[in-house]
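Chemist: Residue numbers (my numbering), protein chains in the order written: chain A, 1 to 312; chain B, 1 to 210; chain C, 1 to 558; chain D, 1 to 133.
The set of hints was computed from the structure by calculation and includes no laboratory data.
Please read these numbers as outputs of a predicted model, since none were measured by experiment.
Even for Gly, the Cβ is constructed at its ideal location relative to N, Cα and C.
Among the hints, erroneous ones may be present.
Pairs of lysine-lysine, DSS-like flavour, derived with a Cα cap of 30 angstroms [claimed, not checked]: (1) A:Lys219 with A:Lys89; (2) A:Lys303 with A:Lys248; (3) C:Lys159 with A:Lys110; (4) C:Lys159 with C:Lys499; (5) A:Lys248 with A:Lys219; (6) A:Lys105 with A:Lys273; (7) A:Lys248 with A:Lys273; (8) C:Lys159 with A:Lys105; (9) A:Lys110 with B:Lys124.
Derived Cβ-Cβ restraints for the label pairs, each shown as a range [said to hold, decoys possible]: (10) A:Pro306 with C:Gly141: 30 to 36 angstroms; (11) C:Phe43 with A:Arg255: 28 to 34 angstroms; (12) B:Arg94 with D:Ser91: 37 to 43 angstroms; (13) A:Arg44 with C:Phe139: 53 to 59 angstroms; (14) C:Pro462 with A:Arg47: 49 to 55 angstroms; (15) C:Gln466 with A:Val59: 38 to 44 angstroms; (16) D:Leu25 with B:Ile111: 20 to 26 angstroms; (17) A:Cys229 with D:Tyr51: 40 to 46 angstroms.
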Amino acid sequence: MTGAFPGDASIYAGEWDRFFAILIAISAIIVAAIFIVIVGFSIRYRRGSKAKRGMLPEVITNELELSWTAATAIAFIFMFWWVAMTQLKNIIPPEHPLEIHVLAKQWMWKVQQPNGVREIDELHAPVGRAVELIMTSQDVIHSLFLPALRLKKDVLPGRYTYLWFTANKPGIYHLFCSELCGTGHSRMTGRLVLMTPADYARWSAAQPGAEDLAAAGAKIFGSLGCSGCHAPSSSVHAPDLNGVFGHKVQLADGRTVTADEAYLRDSILLPQKDVVAGFEPIMPSFRGIVDDDDMVKLMAYLKSLPSKRDQP
Amino acid sequence: MSETSPVLREPWPSVARQRMAVSFGMWVFIASEVLFFGGLFLAYAVYRLLDAEAFRIAARETDVFYGTTNTAILLTSSLTMAMAVHGAERGFRRMTIRCLEATIVLGLVFIVVKGLEYHDDLAKGLWPGPDFALHPAATQLFWAFYWIATGLHAVHLSIGIGIVSVITIRLARGTLPIQATAFEGVALYWHLVDTIWIILLPMLYLVGRA
Amino acid sequence: MSDGALIYVRHQDKEENYLQAGHTLASWLTTTDHKRIAILYAFAITFFFFIGGLAVGLIRLELMSPGGDFLTDDAYNRLFTLHGIVMVWFFLVPSIPTTLGNFLLPMMIGAKDVAFPRLNLMSWYIFIIGACFAILSIFAGGVDTGWTFYTPFSTMFSKGDVIAAAAGVFIVGFSSIASGVNFITTVHMLRAPGMTWFRLPLFVWAMYATSIVMVLATPVLAMSLLLIIAERWLGMPIFNPANGGDPLLFQHLFWFYSHPAVYIMVLPAMGVVSEIFACFARRRVFGYAMMVYAMMAIAVIGFFVWGHHMFVAGQSQYANLVFSFLSFIVAVPSAIKVFNWTATLYRGQITFEAPMLYALGFLGLFTVGGLTGLFLASVPIDVHVTDTYFVVAHFHYIMVGGSVSAFFAGLHYWWPKITGRLYSEAWARFAAIVMFLGFNTTFMPQFIMGYGGMPRRYHVYPPEFQVWHVMSSVGALVLFVAYTLPLIYLTWSLFYGRKAGDNPWAATGLEWQTASPPPTHNFTELPQVTAPPYRYHPEHQAPDAERRQPETVQGGEP
Amino acid sequence: MSARRNSEDHVSALRLWLKPSIIWLALLLLLGLTVGSAYVPLGAFNGVINYSIAAAKAALVLVFFMHLDRSRALLRLTAFTGLFWLSFMFSLAFGDYLTRSWNGSPTALHGAAEQSAYPQTRLPLDPRFGRRD
């Protein structure tokens, strides 16, 4: 029964099932114990039964009460510690994952593979390799739910949320939206297709529209006039974007922020929010001009810019 | 004059017990009001944490003059309400009536000054929405809180003025005895509304002045 | 005190009881008698209980088939929202406190009425105004945001009448704040002479703890709904992500109320069940002081744990761990109470009338509900099962298995005191057993579906879940029958039921020391409390079979 | 009862007004102080001063005008509960907002940056702790 029902496509799912089974066992024991005690007392001490009543045994005193209070508290805190240990292990993201962008929109999932392949309501991913989903939503809160991997994460508008997994069993599994997002909420489902790395490589190469994201990003960078200010040769005093991604940036109001996707996205859409130290806030906002697909391309381009400090 | 309603109400064994219950009940209600406005203050604090710069830009648009005069008016009304309760405790009917009337007048003056300020704010186009005057989008969040917080406070103040007017009229007409337990409760409510404004002043008017 | 059980027999002149104190509609609609207001509330919440029941009937019918062909998508969303809003705010939150609580609290502490009778009546009228807004929003097409009103869907994208629904719930919130203020002041200020804090029956403690949670949590709900109304009606972009608004902020404010709200729903049930176990096992409640501390601990710690609703919502991992730890801690007092109830049965003289059957049902179902709560408190488990039918089953086990069966237990236990009539015991026991069986058939399959990954609020679902949904729908039908049975035989008992004496169950509470139905001022003369509650047998002895009468009742001679 | 209008009555009325008037003047003084101090550029301290003066004014109103000084312990406890519950809400909600950035930026942990995404001054957690959320 376990595992067959929602399917288990990753080592984590297997661990999860064992952990769930142990919790079920503990609960079943406690429920059974209480059930037996209740039924036992009800039958044994029903009115007029011959069971011994008389004096109440001394053992039933406050100590008994305090002891089972302490026992329950210690048991629950132990359960918390045990749960936290497994959870801490899994919130550390994998090294160099395969980054797949997921865009949730009212009642469909738009997935963009690293090589630019686009899919609707389908998520193809290789097995045996760390995969990371960088997710955002265009309208309301959705939630990507992969029951076979025992994973779920809400997809919030205006912000990136992340989900990472390392699958180990190819196959076709469910993909649900699990946060109420409107009329088509129950139709916003799809397929998680896990393939062996070879099949995945063959599949992604064969897809139409496979183009280098970074190259597409460079074209947009030029067409929107970003290069007009940010190119080293330009006369305008604007921050140099080479190798900016992943490094620390000193801001005008004294804060130091790490240039992650969220920072780059905010700098493009809300430039006044985090102005770089030593620069005037003259950058226009590109909100409404750069949509989420172009954002993914621009992001890929900015990540690909070589940093002077460490040559790739 | 219709007969005076009894001081001692239905379930109470003694007036002293009833008086204590009215105060206690009002304090429990005040705890719920603190959490009602507390929810709004949490939202304000979170958004100020997320975008402090926009809050500074937006807060400079509020008019400190109006804010300060209004605070002074409300503090004075607290004084007159406190004196009304002192008078009621000692049975000085005329003094209590005059203090309650002063409280009502001060409350109305506050509302009028607030109205003038609202008129100026609307003229400056500070109602959050598509055609909002200030530039960074997050300033609309500050002004959304400005309108909601001062609006809610004005509603609470108007309810306060209404209740104080009722007990003043009934006291003047004699249908409410001077020893009634209502005064203490109404005074506590009035001081609550004043305390909320005291907290609102630094939140809305004194941000980003330096 | 003579060693024999001394029952204070009072030759009381036939003072007219509260039902005879006025038969016109006006006498009911302008009453300030806490007993009559309790009955007004009883009518209102029964009406809403069956509206919520009809909604879930249609939902379960729809879920029989995976295709979702009985209802359109939008109709389904509006139905489960209706079910959620009506059941949470118009039935569960007010059910025990405003009916049994209103009726019994003053009597149990020996008072003539609640502290502020006019405020009590105003609370009922506020409830009715809020109810009108909710019904208006139903007729105006209903709301499709779910009872949680998550933004930015509720503020920017929902086409339903969100403002009317939010206004309705906003107003009903003030009704429960008013009741809370009233009960807290009553318990503090109107206890009879001799009724010290540790002589209070556990039902009164439950009402006191619930009122504290009502007074301190409901205002934050009022504020969160007010912000939604402000954004939707006045166009202020508070939760609009494009303007820097944070949708999670609404969830923080909403769940800060909504988790304590589930304790508002379950604490009164704990109070009712404690009374019933003591009376029908003829035993003093085991560990009275620990039960009191546990109830107050639940009320206070209930405010620390709301983040476990947002583990996957994008909350920081640090906050996930903190809320997970606090959620494990809040489970400890509930576990203590379950152990104490079970220990109360030890060496008792147990009889199995209908209230006792409902209470035993409560004990079993509440234990299952509570333990599955531990699953949901652990973050990795919650990540898979949140927003699935596992969560639906968990909170129905506590709300329906716990609160509703305790409400029925209390209804049957105090029915003779409220109406002066005895209901038919055979029918009541049958209904209790049918409810227990129907309940488990409905909600146990949902645990299995939840583990399988069946998402919540779906009416088009993968076919492999159909077998569980059909099982659940059949169970829902049985449950529906089990809930209409009491309506029939209790109404029947109003006219044809045998006359109930003052104390048909031979219980020790003060409310049983006066006539039933009680006189308008509850007691002919102010009772003098001489003993703590539940004195069914002498100290350190178990009750013996023949003597059903308690050793000392709470309100002995004046 | 109030027919007695003699001088002694006036004197006691004056004494009646004395203490509250002092409190009232103190409140106005604090009001002037807080508005004045708002214009003095003190950086982060401005907020601290504004809110502490506001708290002082609120305390004055609570203690003297709302008679907490001569109320029973029960009333003082009830007065304090509102704030006490508010502290639960603020501390745990900010527990979420302040720690969202601890998950640091995505690639900073990839060895691309020299030092870790968040300097050790923060909670001494394992620097690889929770990269993104």
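Chemist: Can you confirm whether the C-alpha distance between A:Lys105 and A:Lys273 stays at or below 30 angstroms?
Modeler: With a Cα-Cα distance of about 26 angstroms, the restraint between A:Lys105 and A:Lys273 holds, given a limit of 30 angstroms.
Chemist: Between D:Leu25 and B:Ile111, is the Cβ distance one that fits in 20 to 26 angstroms?
Modeler: 25 angstroms, holds
Chemist: Keeping to a limit of 30 angstroms between CA atoms, is the pair of A:Lys248 and A:Lys219 held or broken?
Modeler: 26 angstroms, holds
Chemist: Does the hinted range 28 to 34 angstroms hold for C:Phe43 and A:Arg255 at CB?
Modeler: 60 angstroms, violated
Chemist: Given the hinted pair A:Lys219 and A:Lys89, is their Cα-Cα distance within 30 angstroms?
Modeler: Not OK: A:Lys219 and A:Lys89 at ~41 angstroms, beyond 30 angstroms, violated.
Chemist: Are the Cα atoms of A:Lys110 and B:Lys124 separated by 30 angstroms or less?
Modeler: With a Cα-Cα distance of about 43 angstroms, the restraint between A:Lys110 and B:Lys124 is violated, given a limit of 30 angstroms.
Chemist: Quick check: does the Cβ-Cβ distance between A:Cys229 and D:Tyr51 fall within 40 to 46 angstroms?
Modeler: Between A:Cys229 and D:Tyr51, where Cβ atoms are some 41 angstroms apart, the hint holds.
Chemist: State, for the Cβ atoms of A:Arg44 and C:Phe139, whether the hinted interval 53 to 59 angstroms holds or is violated.
Modeler: Given about 56 angstroms between the Cβ atoms, the range holds.
Chemist: Under the criterion that the straight-line Cα-Cα distance not exceed 30 angstroms, is the pair C:Lys159, A:Lys110 satisfied?
Modeler: OK: C:Lys159 and A:Lys110 at ~24 angstroms, within 30 angstroms.
Chemist: Sort out whether A:Lys273 lies within 30 angstroms of A:Lys248, counting only the CA atoms.
Modeler: 16 angstroms, holds
Chemist: Between C:Gln466 and A:Val59, does the C-beta distance stay in 38 to 44 angstroms?
Modeler: Once the Cβ atoms are compared, 52 angstroms apart, the range 38 to 44 angstroms for A:Val59 and C:Gln466 is violated.
Chemist: Quick one: are C:Pro462 and A:Arg47 within 49 to 55 angstroms, going by C-beta?
Modeler: With Cβ atoms ~52 angstroms apart, the hint holds.
Checked against the numbered hints above, the structure breaks hints 1, 4, 9, 10, 11, 12 and 15 and satisfies the rest.
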